[in-house]
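*Asks:* Chains A and B are the protein sequences, given in the same order.
Just so you know, we're using the numbering used here here: the first sequence kicks off at 46 and counts up by one.
Just so you know, we're using the numbering used here here: the second sequence kicks off at 165 and counts up by one.
A hint or two may mislead.
Stated by the list, open to error - Selected chain A positions facing chain B (Cβ under 10 angstroms, derived; list incomplete): (1) Ile55; (2) Lys74; (3) Leu79; (4) Val81.
FYI, nobody ran anything at the bench for these hints, they're computed from the structure.
We treat Cβ as the ideally placed atom computed from N, Cα and C, and that holds for glycine.
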Amino acid sequence: MEFKLEAHRIVSISLGKIYNSRGQRGGIKLHKNLLVSLVLRSARQVYLSDPCPGLYLAGSPVPPPQPGEPAAGPPAGWGEPPPPAARAAWPEPETPPERPAGPDARRAVDAEPAAPGAGDTLQGGEAAATAEAAWRRAEVPRAAAAGGAGDPAGGADVCPEGPRAAHRPCACPPGGEAGPGALSCAPRPAKDERPVPPPGCPRKRGAAAGDGPADCPAPGSSPLKKPRRHPEEPAGGAAAEEEEMETGNVANLISIFGSSFSGLLRKSPAGGREEAEAEESGPEAAEPGQICCDQPVLRDINPWSTAIVAF
Amino acid sequence: MIGLSSSKEFEAEDGLKFTSPDFQVGEPHYSPCLLLNEFAKQPCFLEMIKADIISTVEFNHTGELLATGDKGGRVVIFQREQESKNQVHRRGEYNVYSTFQSHEPEFDYLKSLEIEEKINKIRWLPQQNAAYFLLSTNDKTVKLWKVSERDKRPEGYNLKDEEGRLRDPATITTLRVPVLRPMDLMVEATPRRVFANAHTYHINSISVNSDYETYMSADDLRINLWNFEITNQSFNIVDIKPANMEELTEVITAAEFHPHHCNTFVYSSSKGTIRLCDMRASALCDRHTKFFEEPEDPSNRSFFSEIISSISDVKFSHSGRYIMTRDYLTVKVWDLNMENRPIETYQVHDYLRSKLCSLYENDCIFDKFECVWNGSDSVIMTGSYNNFFRMFDRNTKRDVTLEASRENSKPRAILKPRKVCVGGKRRKDEISVDSLDFSKKILHTAWHPSENIIAVAATNNLYIFQDKVN
Chain A
46 MEFKLEAHRI VSISLGKIYN SRGQRGGIKL HKNLLVSLVL RSARQVYLSD
96 PCPGLYLAGS PVPPPQPGEP AAGPPAGWGE PPPPAARAAW PEPETPPERP
146 AGPDARRAVD AEPAAPGAGD TLQGGEAAAT AEAAWRRAEV PRAAAAGGAG
196 DPAGGADVCP EGPRAAHRPC ACPPGGEAGP GALSCAPRPA KDERPVPPPG
246 CPRKRGAAAG DGPADCPAPG SSPLKKPRRH PEEPAGGAAA EEEEMETGNV
296 ANLISIFGSS FSGLLRKSPA GGREEAEAEE SGPEAAEPGQ ICCDQPVLRD
346 INPWSTAIVA F
Chain B
165 MIGLSSSKEF EAEDGLKFTS PDFQVGEPHY SPCLLLNEFA KQPCFLEMIK
215 ADIISTVEFN HTGELLATGD KGGRVVIFQR EQESKNQVHR RGEYNVYSTF
265 QSHEPEFDYL KSLEIEEKIN KIRWLPQQNA AYFLLSTNDK TVKLWKVSER
315 DKRPEGYNLK DEEGRLRDPA TITTLRVPVL RPMDLMVEAT PRRVFANAHT
365 YHINSISVNS DYETYMSADD LRINLWNFEI TNQSFNIVDI KPANMEELTE
415 VITAAEFHPH HCNTFVYSSS KGTIRLCDMR ASALCDRHTK FFEEPEDPSN
465 RSFFSEIISS ISDVKFSHSG RYIMTRDYLT VKVWDLNMEN RPIETYQVHD
515 YLRSKLCSLY ENDCIFDKFE CVWNGSDSVI MTGSYNNFFR MFDRNTKRDV
565 TLEASRENSK PRAILKPRKV CVGGKRRKDE ISVDSLDFSK KILHTAWHPS
615 ENIIAVAATN NLYIFQDKVN
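When you get a sec, could you build the whole thing from the sequences and use the hints?
*Replies:* In structure tokens:
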């Protein structure tokens with residue numbers, strides 16, 4: 046438990062550092078931000094792998110979506126790897142009062158023959174990634190059920206659900222997950238809608254304060270804004286990616302979830318042009334605001350947001 | 165010498181206090197020769213203070229000159245006083261020789277990026293004529309400066325008078341040959357070359373090759389090789405930028421040429437590894453010739469393991485047989501012939517290991533300490549917090565902690581070794597870990613190439629210590 050608190054604190058501090066680095070003179074320091082992103086990743090892994098769930102996060106008014114999901118199990122229609130991993134990951138983020146059977150469920154799952162690689166990969170960060178994957182899938186049917194329209198990407202998935210400690214709730218219309226929602230029935234359309242982030246969705250991030258006002262800019266704008274787009278992007282994209290994956294390769298999951306704008310769009314048929322833009326807007330790109338936009342940094346912000354949602 | 169003045173306290177507009185210290189002429193016997201950045205004498209505002217922070221210190225190859233660069237883009241060069249025959253026991257002290265503005269703040273309009281004028285590194289070229297040459301670099305641009313003396317002035321021009329005004333040719337009745345007359349010594353610094361626009365990322369190192377014709381500059385992801393004569397081209401010799409920036413896992417943190425082999429250089433990474441490259445092997449030295457890495461101790465694993473293993477400085481020994489690396493908590497000496505682990509590891513301030521989280525919060529964990537060899541490669545030195553610096557004798561395995569501070573040092577005093585109390589009962593002269601001042605850090609130090617004279621930069625003060633005279 047202490048590790049969890051510590052990890053959460055470290056994540057908050059790290060995100061704060063990344064945020065502040067944008068304003069410093071001389072541009073973003075690649076080295077420092079890389080190190081901060083490594084810490085962020087370590088803390089996130091610990092946070093998500095700690096079996097003691099985030100009790101102190103349970104202050105949110107929104108009931109977590111978990112109770113319904115594990116009962117549903119991974120829908121047969123998913124057919125995605127690794128179902129055993131997903132199930133195993135699910136109990137982890139749940140709070141004990143809600144899931145007294147959690148540890149049992151996990152044990153049962155652990156005993157299962159896992160999908161290739163899934164059993165081995167269920168540790169630490171792997172579990173984190175699968176938890177994220179699990180959560181995306183979990184939220185998708187719920188969002189689809191809510192029948193929202195419009196918001197294609199991850200913005201919605203971080204918005205309404207889950208207890209979020211000290212996070213501003215996203216103003217995205219709840220359940221507006223046409224993209225991921227569509228995944229369960231028709232995967233391809235998700236991709237097409239992905240490039241446009243929901244304009245009204247305030248960026249949600251760990252503990253980075255002050256991010257609210259300058260949110261959700263138009264796509265293709267400066268890398269300064271890129272971290273804010275991420276939560277809206279990857280959920281749909283990631284869900285789409287999962288479909289394409291052969292095995293429960295968690296490393297892929299991590300990189301996909303952590304994909305920047307460019308990484309996502311590389312897989313999108315419509316994404317060629319935006320990808321070029323995003324590729325250019327690497328650290329050396331000329332963009333307003335600060336440069337040296339460190340992709341690994343961005344990668345780690347996003348999975349964390351979804352992990353927060355997972356609770 | 166600039167002159168003596170009494171200590172003054174100024175209070176800046178935002179309440180920040182600073183003190184203009186005395187100019188004390190150092191005596192031998194390990195007494196501090198405290199040299200002051202002259203700008204600190206003026207009433208200061210926050211910007212002024214920051215501009216004074218020394219960001220690099222470097223002796224030239226003979227030790228006669230000592231250059232410092234600061235955050236304001238200025239370079240101050242000190243010259244050692246010649247020993248006079250009268251006072252044979254009085255070692256030469258360092259006086260200000262030249263001051264010039266090396267780099268100015270710039271703005272990259274294309275990227276909307278401000279480029280800091282802070283001098284990241286200074287490297288001297290070996291002296292080949294009467295003038296001195298040094299390289300100074302900020303984040304983006306390297307400049308070659310020529311520092312030369314002028315002590316004669318031509319007088320007696322025919323076509324212009326003493327003030328330089330042109331004379332009316334009609335008034336000239338006789339011709340004379342201009343003569344050179346002595347004048348007050350003037351030291352002028354002129355930029356001879358500007359090597360710009362070759363680095364996308366922030367330059368962290370420069371290193372002059374032993375052929376004295378080329379040098380390299382290293383940023384976070386690339387290393388470029390330059391010829392001193394050519395400013396519009398450089399060769400890229402190392403490029404670790406991944407095709408997909410999302411896959412970035414390490415950056416280059418320091419690089420240096422071998423002191424004797426002009427084809428060999430090393431560069432260190434943020435992952436705690438060192439690569440030695442041979443430029444004869446291929447044009448792009450992405451494949452290393454040797455790879456130095458010590459396996460991580462799993463018992464020391466923490467959130468911050470990666471940060472503290474990042475190497476902040478790498479230095480070849482003068483002999484060229486060893487390299488020394490500095491990471492956050494240790495200094496390591498590596499034998500070039502053994503890649504799997506260092507031959508020596510010295511704990512600089514291991515008591516900080518339990519405080520990494522706090523140091524992460526206040527950003528101290530990102531401090532980049534440098535390390536230096538003495539002339540004979542028998543002693544290594546590096547800085548720490550609370551204005552402490554540490555020396556390790558490689559032969560006797562003894563180490564000492566010293567403090568660079570005005571309060572604790574008086575002229576002619578021998579520096580007293582300091583000790584940090586780790587836990588339990590604190591003895592009288594010890595300092596407990598919790599009372600260390602982490603804002604007082606010694607990141608930059610230099611050691612005279614042949615004598616026991618060290619220069620230690622403590623934020624905006626430069627301390628020069630000399631060895632006891634026999």
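*Asks:* The structure should be examined with respect to each hint, and the outcome stated for every one.
*Replies:* Each hint, compared with the structure:
Interface hint status for Ile55 of chain A: upheld, as the beta-carbon distance to the closest one in chain B is roughly 6 angstroms, under 10 angstroms. Restraint check, Lys74 of chain A versus chain B: the minimum CB separation of about 7 angstroms is within 10 angstroms; hint holds. Against a cut-off of 10 angstroms between C-beta atoms, the interface hint on Leu79 of chain A holds, since the closest Cβ of chain B lies about 6 angstroms away. Residue-level restraint check for Val81 of chain A holds (minimum Cβ-Cβ distance to chain B is 8 angstroms; threshold 10 angstroms).
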